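Enquirer: Each chain is listed here by its residues.
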Amino acid sequence: MKKVGGLSDIILKTEGVGVTYQESIVALKNVSLNVPTAKLTAILGPSGCGKTTLLKVIAGLIEPTKGKVIVGGKEIIGPGPDRALVFQDFALLPWATVLQNVAFGLRARGVPKKEREETSLHYIRQVGLLGFEDKYPHQLSGGMRQRTGLARALTINSDILLMDEPFSAVDEQMRRKLQEDLLKLLKIESKTVIFVTHSIEEAVYLADQVVILSGRPGSIADIVYPEIDRLGEVDLIRRQPGYIELVDEIWSSLKRYVE
Amino acid sequence: MLNSDLSKFKTLIQLFAFGKLMRTSPFWSLIFWAGVWELIGQMGWMDLLPPLSGIWFAFAELLEQSAFWDAFAMTARTFSIGLGLSIVVGIPIGILIGISKRADKILSIWVNLFLSAPITAVIPALMPILGIGDATVIATVILFSIWVVIIDTQAGVTHVKDSLVEMGRIFGCSRLNIIFWIVIPAAMPEIITGVRLSVVRAVKGVIVGQIVIALIGFGGLFNTYLSYFLMERFWALIIVVFIMSFTIIGLVELLERRIAFYANTR
Chain B
0 MKKVGGLSDI ILKTEGVGVT YQESIVALKN VSLNVPTAKL TAILGPSGCG KTTLLKVIAG
60 LIEPTKGKVI VGGKEIIGPG PDRALVFQDF ALLPWATVLQ NVAFGLRARG VPKKEREETS
120 LHYIRQVGLL GFEDKYPHQL SGGMRQRTGL ARALTINSDI LLMDEPFSAV DEQMRRKLQE
180 DLLKLLKIES KTVIFVTHSI EEAVYLADQV VILSGRPGSI ADIVYPEIDR LGEVDLIRRQ
240 PGYIELVDEI WSSLKRYVE
Chain G
0 MLNSDLSKFK TLIQLFAFGK LMRTSPFWSL IFWAGVWELI GQMGWMDLLP PLSGIWFAFA
60 ELLEQSAFWD AFAMTARTFS IGLGLSIVVG IPIGILIGIS KRADKILSIW VNLFLSAPIT
120 AVIPALMPIL GIGDATVIAT VILFSIWVVI IDTQAGVTHV KDSLVEMGRI FGCSRLNIIF
180 WIVIPAAMPE IITGVRLSVV RAVKGVIVGQ IVIALIGFGG LFNTYLSYFL MERFWALIIV
240 VFIMSFTIIG LVELLERRIA FYANTR
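Chains as they are written, first to last, in numbering that gives the first Met the number 0: chain B, 0 to 258; chain G, 0 to 265.
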């Protein structure tokens, strides 16, 4: 397996991150991780292994009990404009339209209304929601809600995009469509993506680096670098040699942590 | 005499057979019971219960009296001020308790205590402090209505989804922006429910306050009519009070349905 240095520069790293709840429940233990620039990193693990906790530490929402997160050479203190997050449950404001939801991040940043609506419409078009900007979240399907969440994260133009099981709340077909669309989108927008998933297939399909977490307390069990060519058609990814083998390989290393 | 009364009573029992009809529409139910009232009143069993038709005339007389309109104005004034203060003060306190654990520890016990306490018992104690007038009635209205605003607002605030607040933090909202852009709108259905319940309680408060003081407003009128045995007027006044409460509560429910439309879509 190739080492991470072979991929590219490191934009974000965690150093010995540990999270302990209520002084005794250890959710994460000694997680040190390098995230290469403009690549997809998947955090994979059984449920309850602390993968969402790790992502929230990286996002700055949870302060680690031990260790630190470094972005661009600086230790983070809380959320920042360099990291945007896409939520598992979409986290859309039910009383706001798609446009208002997408523009929320810019509004918080004090961008004037006209400008933030223009930028928002650009990203609404990019995620394929044009024509739905005046709809409310409850009028949208799960897939469209997550596209709204994605558009909102894109508006603030951060280098790092964090995604917390972004496609787990939609059905299988919609998940595939969203995965393909994400890959297409990332060919246009150069982003470093860190996403949490419990799907081995999703991790291998999307990620350049797959970080496998062990069960409680969560610590890094293995890191795998799928050598999948994603430059061509997205339809062909699953047919590439090595794809199925890698899924099997990850499963065999993950199996012992799944009860 | 007794015999004829008994036969009248039998017809009354037979009237109960119309129960089915009554259940079909609240209107028929009202008509039926108004008829029962009129009958009992006409029979003159109880001096306390005059025939409904007599009350109807008293009702018309009542509306011509300046004492009635003074009482009405006083009730409207103390009700609005008391309820307004309950809402304006209660919502911020509810939000504070909802977001701050420390405020919750200090204040929640008192709120819960007063929510279930028999406030009526406190009114006599208010009189020497606030005097016999608007201030005591306003205080009564507040004591009746503020707690439910606080409790419901707090419930709404604590049930706002964590992910919405996290979303606010991720996009760099200040604490104040999170409260005004996310927490308050998300808690709005519960806040509106609290306000509706507080209106109901304020209506009770404004009447109970005046009756316990017994010298001012409707309380004064009730007292006068009872002591001079003007039962028609007494009942007419009760009906006025009932209609007022019903109208106000109906209006609030109408308003709630309009505002809380997104409660189901959360």
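Errors might be hidden in some of the hints.
25 Å max Cα-Cα, derived SDA-like pairs, lysine to any residue [what the hints assert, rightly or not]:
| hint | chain 1 | residue 1 | chain 2 | residue 2 |
| --- | --- | --- | --- | --- |
| 1 | B | Lys112 | G | Asn176 |
| 2 | G | Lys160 | B | Asp247 |
| 3 | B | Lys112 | G | Ser173 |
| 4 | B | Lys134 | G | Ser162 |
| 5 | B | Lys186 | B | Ser167 |
| 6 | B | Lys73 | B | Gly47 |
| 7 | B | Lys12 | G | Gly171 |
| 8 | G | Lys160 | B | Leu235 |
| 9 | B | Lys186 | B | Leu235 |
| 10 | G | Lys100 | B | Glu62 |
| 11 | G | Lys104 | G | Pro117 |
Some chain B residues well away from chain G (every beta-carbon gap over 10 Å; in silico) [what the hints assert, rightly or not]:
| hint | residue |
| --- | --- |
| 12 | Asp8 |
| 13 | Gln87 |
| 14 | Pro111 |
| 15 | Glu116 |
| 16 | Ile155 |
| 17 | Gln172 |
| 18 | Asp221 |
| 19 | Pro240 |
| 20 | Ser251 |
Partial list, derived from the structure: chain B residues whose beta carbon lies under 10 Å from chain G [what the hints assert, rightly or not]:
| hint | residue |
| --- | --- |
| 21 | Lys55 |
| 22 | Gly59 |
| 23 | Gly72 |
| 24 | Ile76 |
| 25 | Gly77 |
| 26 | Arg106 |
| 27 | Arg151 |
| 28 | Tyr224 |
| 29 | Glu226 |
| 30 | Asp228 |
These aren't lab readings, by the way, just hints derived from the structure by calculation. What you are looking at is a predicted structure, and each value in this text was computed from that prediction instead of being measured. Even glycine gets a Cβ: it sits at the ideal position worked out from N, Cα and C.
Enquirer: Hints broken by the structure, by number, lowest first?
Expert: Going through the list in order, the structure violates hints 2, 6, 8, 13, 16, 23, 24, 28, 29, 30 and respects the others.
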